[in-house]
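Chains as they are written, first to last, in this note's numbering: chain A, 1 to 128; chain B, 1 to 699.
Bear in mind the hints are in silico, worked out from the structure with no lab data behind them. Every residue gets a Cβ at the ideal spot worked out from N, C-alpha and C, and that includes glycine. Do not take every clue at face value.
As the list claims (entries may be wrong) - Estimated spans, in silico, between C-beta atoms of each pair:
#  : chain 1 : residue 1 : chain 2 : residue 2 : range
1  : B       : Ala-177   : A       : Ala-43    : 57 to 67 Å
2  : A       : Ser-40    : B       : Glu-80    : 21 to 31 Å
3  : B       : Ala-187   : A       : Ala-43    : 51 to 61 Å
4  : A       : Ala-43    : B       : Lys-381   : 51 to 61 Å
5  : A       : Ser-40    : B       : Val-328   : 50 to 60 Å
6  : B       : Arg-361   : A       : Ala-75    : 49 to 59 Å
7  : B       : Ser-332   : A       : Ala-43    : 38 to 48 Å
8  : A       : Ala-75    : B       : Glu-400   : 48 to 58 Å
9  : B       : Asp-344   : A       : Ser-40    : 47 to 57 Å
10 : B       : Ala-233   : A       : Ala-75    : 24 to 34 Å
11 : B       : Val-401   : A       : Ala-43    : 24 to 34 Å
12 : A       : Ala-43    : B       : Pro-374   : 37 to 47 Å
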Amino acid sequence: MTESILIVDDSRTIRMMVRTALEGRGYDVLEASNGVVALSVLARQVPDLLLTDVNMPEMDGLTLIREARAQPGLASLPILVLTTEFADDIKQEGRRAGANGWLVKPFNPKQLCDTVALALAKFGSVAP
Amino acid sequence: MDSDPIIEAFFEEADELLSDYEEALLTLEGGSGGPDVLNRIFRSAHTLKGNSAMLGLEEIAHFTHALEDLLDGLRKGVREVTADTVSSLLASGDILKGMLERARDGQRPATREEQAETERVLASLKTLQGEVAVAHAVQAMAATPSAQDSVPREAPPPPADAPAEETLYEIAFRSRADAGEPRFDPAALFDSLAALARGLEVSTSSSEPLAAGAVTAQHCRDGIRIQAQSTAARQAIEEVLARAGAAEYSVCPISAMAVPAVSPALPPEAPEQPAELGDGGDAEGAAAEADLAAPAASGAAGRKPQSTSIRVPVEKVDRLINLVGELVITQSMVAQTVDSFSADQLPRMKDAVAQMDRHARELRERIMAVRMVPIKTLFTKFNRLVRDLVAVTGKKATLEVAGEDTELDKTVIEKIGDPLTHLIRNSLDHGIETPEERVAAGKPAAGAVRLEAYQQGGNICIEVSDDGRGLDRERIIAKAIQSGLVGPEQTLSDEQANALIFRPGFSTAQEVTEISGRGVGMDVVRRNVEALGGAISIRTERGKGTQFRITLPLTLAILDGQAVRVGGQTYILPLVSITESIQPLPGQLHAPAGIAEVILVRGQPVPIVRLHRLLAIANACDDPRRGLLVIVENEGRLAAILVDELLGQQQVVIKNLETNYRKVDGVAGATILGDGRVALILDIPGLLAIASGCALQAV
């Protein structure tokens, strides 16, 4: 079964890069431009992994994580936070909100794919 | 050559981010902004930083980083936003625009002036940042120790009880090359790394994957890259590298994940799973990396000054798909009727063809709508222009904007920016008076420049108006006589006098100013508008103000045309230029001695242009009384074009003549008529310029 990844970022450029890299590795990619849109995507389809930016309009990434974690179906969804390397406090906050890990911007496609593969191996559901 | 869609998306988004950044700053300055606006400004800079870093555009990433530091302080409310702050932030936006432009130009290096300006703005950001930091410290000190909430949040050191994280590190390592050193043993390095980390992936400095066992001392002297997962802190890994005899090393955390299961559903054995990363995936990863690492190269090759993509709302696309579906249905209806056709089915056939016709027309309109974008993006830029002009001139003025949701063809929007900029500059420079003059004239001290767009039939009108002093008829005429544009004995209507300001080299400004320059403007404005198939007109009232109205076609691809017959030929005249068509009465025609023939239209002499003579067409009507005169307007002047007959008005699809043949004076393009014949679309200004040698000199 193809694994699906939801990328939540208000930047089209980032979403496009993530999509290009992950589709190249055979993942299905879903997109959302902010937390509110992400929640509506999640209501229809639960991906295998969620990647989210932090600073976004409408609803930021940390609120999204808290909202998602409060929903029974999403308690175990692997979530990674996209963050800038200078934002150590964001990493901590992300952890407290319920993120499983983080990925530092800028990243290259290989680093992204490796991280996603690692996260799926560690936290992904083991269903076939 | 195709350029990378990601890079194109980057530049397009960067332009949007910067224009949003600027707009938000102006809102902030206008005093109508709250914390939301500061957040918006911060987010624009932040996103631009992230995106440029992803594409390896270091210059932009560094600059936005400095900017972001300051903005972060501002949005946390530690310092008031002053006019100075806004000016510095606006200047930063300009610097970024320059940097983006250079990146688009294939990483053109900055000129010395650009570099100096960047340094200057960076220094002003640093100064402001310093003030923010001081304010920050003062605020922190003022807070009572018990009121922990008000103490600004500091990045806490990782708490000791924080759950362990496994981090994916990117390690760069180069061993010392000195001959005196004990021989470097790669195996020892990997042993000590393996004690700390797992999932080791090694590659050479040129990104060739290597098995850990195959790494030689030479590889290490040339430099190797290692990707590894470890729960150890960065310093612990750095120590291992230093001990192993590194000449140079760096350890960068890429990503990290909690080791103990945050997720309750995690199967207990999962953390133990060897997280060997996809074998054979490296080449692919490297390829993808190479793609992204080459923005400069492809940017240089595919140098595109304007963005070439359009974002289309899903509804527009859905409607198109729907329509194509209906078209397919009617098409099959027609096909069916044709298959088993008999005379009694003719009404049915007519119905089906009529329906298909309707759908085809609607499809054409809708597909054109895909190119239509709101003029808002352009209009918002002028807030900044007016702000800067007010600062330079010492005048007071506000910009009012209306109709910003009016949609225009994307190409038209890109090309109308310069003429509008010029008109607005002109309004502020020449139109709006100084606050003292205004008050003396009983007007409010602050002038108003108004920018409005609206649709009128098949055209879009854009008006730039001001409540300034209006055009000075006497001064314009005096100036025109002085520069030999008109003779001293000529009497000019108001329209003709106003139209003089569009003549090349014309300027009435008493002194040349920095803003509007030396009168090389209004003629360029007119030319640019006409190049878009549009027209510009002026309405002005002494002491009350001036209004420029630009009329533009909805799209550049389709033209509302009037088909006319001249001899055996059919020509298309742009409908936008035609004011009326008349069959002259004998008393209306005059041929004053030595001057070209004219027709009196409501008392005003209008020169007659015989199209068949200009275009050398045989067997055409030469007598205005037997043919028809089409009155066209150009630069506020009228001309009467003699044709044999009017054929009908229709929308024509413009085909470029230049790309298929060559440029022909007086011809704007060609089109294919319903019966398959080609008709030339006439270019009125060009045509009249040719005719002016003989016919228009009189005016």
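Hint check:
1. B/Ala-177 to A/Ala-43: 57 to 67 Å: About 59 Å separates the Cβ atoms of B/Ala-177 and A/Ala-43, which means 57 to 67 Å holds.
2. A/Ser-40 to B/Glu-80: 21 to 31 Å: This hint is violated: roughly 39 Å between Cβ atoms.
3. B/Ala-187 to A/Ala-43: 51 to 61 Å: holds (54 Å)
4. A/Ala-43 to B/Lys-381: 51 to 61 Å: For A/Ala-43 and B/Lys-381 the Cβ distance comes to about 39 Å; the hint is violated.
5. A/Ser-40 to B/Val-328: 50 to 60 Å: Cβ of A/Ser-40 to Cβ of B/Val-328: about 33 Å, so the range 50 to 60 Å is violated.
6. B/Arg-361 to A/Ala-75: 49 to 59 Å: holds (55 Å)
7. B/Ser-332 to A/Ala-43: 38 to 48 Å: Given about 40 Å between the Cβ atoms, the range holds.
8. A/Ala-75 to B/Glu-400: 48 to 58 Å: Holds, at about 53 Å.
9. B/Asp-344 to A/Ser-40: 47 to 57 Å: For A/Ser-40 against B/Asp-344, whose Cβ atoms are near 56 Å apart, the range 47 to 57 Å holds.
10. B/Ala-233 to A/Ala-75: 24 to 34 Å: holds (30 Å)
11. B/Val-401 to A/Ala-43: 24 to 34 Å: Violated, at about 38 Å.
12. A/Ala-43 to B/Pro-374: 37 to 47 Å: violated (31 Å)
Violated hints for the displayed structure, listed by number in ascending order: 2, 4, 5, 11 and 12.
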